[in-house]
Amino acid sequence: MEDIEDTDLVALEHDRLISAVSKLDKTQHITEPTRNEPTNLNSEFNLIKRTNKLNIDNVAKVLEDTAHHVQISKKLKKTQSGAKVLSKPLEKPQAERIKRATGYEETKKKVGRWDPVVARSRTVDYVTFPIKHVSAKLEPTSDFLTKFKLKSELEKELEEVDPQPMVEDEEEEEPIFPKSYEEMVEYRQHLAKMRAQQSYKAAKAKRQSKIKSKKFHRVLKKEKLKQELKEFEELQKRDPEEALKKLEGIEKARALERHTLRHKSTGKWAKNKLIRAKYDKEVRQQLADQLSVGRSLTKKVQDNQSSDDEGDDEPTPNFTLSQDPFNPWMVQRSDKSNVNAEFDFGYKKFVQNKINKHKESDDSDSDENDVSDKDISYAKSSHPEPKEEKLTVTKAIKEKLTAPKSKKGKKAAAKSKAKKPLATSNWDVETVDDTDNKPKDNLEYLKLKKQKPKAVIDEELLESSSKTAEGMANEEKDETISELVKAAQTPVQESADSNIDPNRFIEVKPKYLNTAISQVENEYDQLDDDQVVPRVNIEEVFEEDDVVASFRQEKEDEINKDKPEDINLTLPGWGAWGGKGVKPQKRKRNRFILKAPPKMPRRDENKGDIIIKEFKDPKLAVHKVKDVPFPFESVKDYEASIRAPLGNTFIPEKAHKKLIRPSIITKAGKIIEPMDEEELLVPKNRNFKNQSVMKLLGRKK
Amino acid sequence: MSKMKIKVISRNPDDYLRATKRDIHKLPRNYDPTLHPLEAPREYVRAMNAVKLERVFAKPFIGNLDGHRDGVSSLAKHPSRLAVLASGAFDGEIRLWDLAVRKCTRNFVAHEGWVRALCFTPKGDTFTSVGDDKTIKTWKSEVQSSVDEEPVNTLLSMSVVTGVTHHRSKPIFATCGEHCQLWENTRNEPVKVFKWGVDSLHHVSFNQVEQNLLASCASDRSVILYDCRESGPLRKVVMELRSNALSWNPMEAFIFTVANEDYNLYTFDVRKLKQPINVHMGHTSAVIDVDYAPTGREFVAGSYDKTVRIFESLKGNSRDVYHTKRMQRLTCVKWTLDNKYILSGSDEMNIRMWKARASEKLGVLKPRERTALNYADSLKEKFANHPQVKRIARHRHVPKHILNAQNEIRTIKQKAKRKEGNRRAHSKPGAIPFVPERQKHIVKEDE
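Protein chains in written order, with full-length UniProt numbering: chain H, 1 to 701; chain C, 1 to 447.
Keep in mind the hints are simulated off the structure, nothing from the lab. It is possible that some hints are incorrect.
Said to hold, decoys possible - Under the rule of at most 27 angstroms between Cα atoms (straight-line distance), these lysine-lysine pairs were calculated in the BS3-like manner:
1. Lys5/C with Lys281/H
2. Lys626/H with Lys657/H
3. Lys667/H with Lys654/H
4. Lys109/H with Lys103/C
5. Lys109/H with Lys170/C
6. Lys390/C with Lys454/H
7. Lys315/C with Lys454/H
8. Lys278/H with Lys212/H
9. Lys123/C with Lys390/C
10. Lys444/C with Lys108/H
11. Lys624/H with Lys607/H
12. Lys444/C with Lys626/H
13. Lys103/C with Lys340/C
14. Lys281/H with Lys271/H
15. Lys5/C with Lys299/H
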């Protein structure tokens with residue numbers, strides 16, 4: 001302890017001495033800071049005065065004494081004199097600017113790698129997040145090998161005790177020696193025989209199949225069936241297992257039948273039969289047999305053993321079946337008694353209903369044809385001369401569907417013809433001005449081949465506080481209505497909101513609207529119509545609902561609606577006595593009644609059963625698109641985009657699914673990582689070549 | 001007329017009866033377009049209904065997380081766990097939240113003064129906070145023992161640190177304050193210091209795609225681009241007013257958006273800093289924070305005008321605006337990594353959780369339901385330009401102060417426009433050039 005104190009004392013005194021000595025020298029000494037961490041920053045407080053510069057003259061002076069050193073000193077001096085002095089480095093700000101500029105150029109180039117990735121993701125129809133990378137990397141060999149386990153000691157010992165049977169490689173032993181000549185010949189002869197027999201059999205089968213005799217085939221079939229049955233019975237006795245297998249086979253055939261359309265009335269044969277069935281009872285019988293075979297084959301076999309999901313597989317109750325005895329599909333059994341019933345589809349139902357309604361059913365023995373004849377005559381007598389009526393009605397309806405191509409509309413069209421592109425339908429759409437200030441270089445707005453065009457709306461939200469909302473809406477409404485009065489008519493959609501009564505449309509021939517939809521006529525239907533429904537009187541068929549009267553009523557309403565009315569401005573008691581029983585003066589009455597302007601003749605006044613709507617519905621104009629929205633260039637394009645339906649009511653399910661796929665698909669609860677550099681290597685990104693987009697992305701301003 | 005024949009429908013029950021009760025009902029369809037002459041009107045009606053329903057169901061507010069005893073100053077989302085959120089307040093407290101149950105899991109006072117910024121490390125096991133007390137502290141995100149509650153690492157900085165951001169893959173993070181500094185987790189001193197000018201920086205952000213790029217916002221109204229390797233600062237763009245925050249697009253390496261004091265947001269391309277590629281307008285006061293959706297298609301902005309607005313990154317106007325009566329000035333916003341929710345922190349001590357799409361149905365969707373919703377969405381898109389659909393879809397109720405501010409801004413803009421028009425009309429043609437909106441707000445681009 002004492003020693004340490006002593007040394008401390010000595011050190012203290014030594015320090016004091018040194019500081020006293022150093023005070024004699026007036027220059028400031030700052031101790032060099034010691035650091036224990038590497039850093040590239042020097043604190044301004046740690047700066048010390050020190051010169052590292054080496055003066056070569058001084059060095060040379062030391063060496064001047066000896067001859068050997070003279071040489072060295074000369075050399076030294078020579079190097080100093082001959083050395084080129086480097087130019088002064090640039091000022092720091094300038095140097096940094098250069099550094100920044102080069103760095104920026106580098107970065108620009110580096111960032112440009114992402115162009116194809118970005119361009120692709122912006123232009124494809126839909127993107128799924130998170131972006132998955134399927135790594136095509138192969139596993140390193142070492143990793144792969146680690147998966148193989150070593151056998152434990154116990155396993156090894158066990159194996160020694162009871163060696164596992166070696167799995168021998170079953171290689172087909174090739175016959176070392178080829179066949180001898182005789183054997184070869186024999187083999188070939190055998191093959192030839194087989195082939196010949198095969199061809200005989202084929203020829204026979206072909207011949208037999210060409211035989212038209214039905215009896216022959218029936219007999220053949222029956223024989224075959226019998227044979228099979230016999231064989232099966234024998235098999236059952238002999239080898240039950242085999243029989244079971246066969247049964248399975250039969251079951252399989254049944255299943256196959258179930259999902260083919262055999263034994264239905266759709267085949268060629270059945271169709272031919274169906275034509276003849278009207279006249280030939282036997283044919284009917286055949287058809288019925290056929291159908292019954294189909295049914296029996298396709299009927300689901302009820303499993304005796306209860307299964308778990310019994311409730312699910314339970315077929316829906318076929319309550320409808322009993323309801324409609326005339327539907328050929330619904331007859332449960334077919335025996336001879338209801339063969340006729342099976343072919344009683346179609347109009348007969350209607351006819352029979354009529355019979356039930358109007359006639360006392362006394363004798364049902366009479367022939368079918370007879371009955372229908374009577375019925376029709378009955379119908380005729382009860383409704384004298386309805387034909388013309390019907391025709392007019394249809395005409396009227398047609399008119400209503402297509403009519404309102406009004407004067408105003410024409411005028412407007414003519415007016416704007418110079419500027420307007422021709423619309424494919426008579427929608428009223430105006431062109432957009434070219435001075436559209438929409439940003440053109442945004443990728444979203446580029447028209448790309450692959451992308452389905454979408455309207456881009458980049459507008460302010462219509463923001464309102466709760467009080468002002470109504471006011472704004474009203475204002476808007478007024479405006480639109482006033483515009484409306486001036487604007488041209490758009491008649492297309494008018495029929496959309498009218499009350500559609502299916503009855504009224506029954507006899508209307510398809511009216512083809514003026515659209516670009518392909519209009520393929522269904523020729524078969526047309527033909528059928530002519531054949532089966534020749535000029536039915538509408539009133540006869542739809543006895544209960546009076547179509548004509550209701551149409552007239554409608555017209556009446558329409559006329560009344562548009563009729564201007566007198567406005568009565570009389571104030572009872574003004575300038576005279578008023579009250580009960582006091583009649584206003586005639587003079588006053590006349591004075592204060594504003595006469596309505598004389599009724600303009602309606603266009604449909606003397607045209608029979610037509611309604612021409614002369615004023616357009618103001619409610620519709622609000623829904624009209626005023627001009628072509630941005631990414632679309634022509635009215636035609638935009639119309640086409642609207643016309644293409646999306647719903648599965650109008651297009652097949654698959655197309656529907658495809659069309660409604662959202663453009664961004666994310667998974668719930670999945671974290672979406674930022675873009676990875678691996679995306680640069682994905683072939684679809686690398687191969688993305690849409691030059692216009694890429695150029696736009698990389699363009700310098 | 002001898003015979004009358006009338007066609008009556010008779011069908012095969014196979015065509016319309018379902019095999020089992022669990023099947024959907026069979027609906028025979030004839031897709032012949034001639035049979036559907038009114039396709040478009042029918043779909044239009046459906047679109048109208050869809051868009052109305054969308055507005056009916058638009059209830060974006062999910063809930064709020066309360067617990068802070070001072071305004072929320074910063075938020076940070078966990079890189080791999082959706083339910084974890086860290087928030088810092090003006091009183092130096094940090095809270096960790098479990099969003100799924102809306103509970104605070106942990107709270108502690110981390111700094112004296114503000115918690116200026118927070119950021120998680122890429123693995124998510126720790127997070128870094130910087131405060132007004134010139135310290136940079138690293139904390140464990142999960143606490144197993146009492147030792148874990150202490151900071152893992154505390155770094156002392158010479159000057160105030162106002163922002164922090166972590167490199168996506170390397171153990172490097174950057175802070176800003178007086179200068180932009182680059183730190184390594186194991187060192188006590190910054191590895192690099194990037195200086196450019198004398199003005200302080202208040203926000204810094206690493207690019208997540210091109211991982212060595214970072215950008216910061218300076219108080220001299222500029223946005224500075226850096227490379228964290230040799231080159232250091234790269235370029236500076238000076239705007240009319242200062243930018244408050246900056247967010248990089250996580251899917252597009254060269255796109256970033258800044259929230260500006262002049263009520264607008266500006267989207268820039270790194271390669272064309274002379275003018276922004278898009279100006280996003282809509283706020284009526286300074287925009288304080290911005291954050292991109294993980295899909296990179298949208299971003300959310302929080303403003304001093306007490307609203308949160310959602311913008312599509314390629315469009316100039318907002319898609320939606322969120323506000324509640326009690327929400328005050330926004331200080332920070334975040335878009336969660338599953339692209340479903342938005343989190344906003346505001347002055348009045350609450351963190352609010354919103355749906356990113358206001359009318360989206362949360363929870364499991366059955367396939368048929370999803371199909372129906374998708375169909376409704378695509379119909380809305382198809383008829384988006386029809387005036388009624390547009391009107392309904394884009395109508396929002398906003399508080400009166402927003403509306404008034406908007407009117408004011410509108411009049412100011414109109415006035416400026418009129419004045420410019422007048423000047424143009426009364427001076428030599430060409431003397432007053434037309435300056436596009438995008439160029440108006442940029443003062444210069446510095447090399």
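Inset, instruction - Against the structure, test the hints numbered earlier, and report the numbers of the ones violated in rising order. - result: As far as the earlier hints go, 2, 4, 9, 11, 12 and 15 are violated by this structure, in ascending order.
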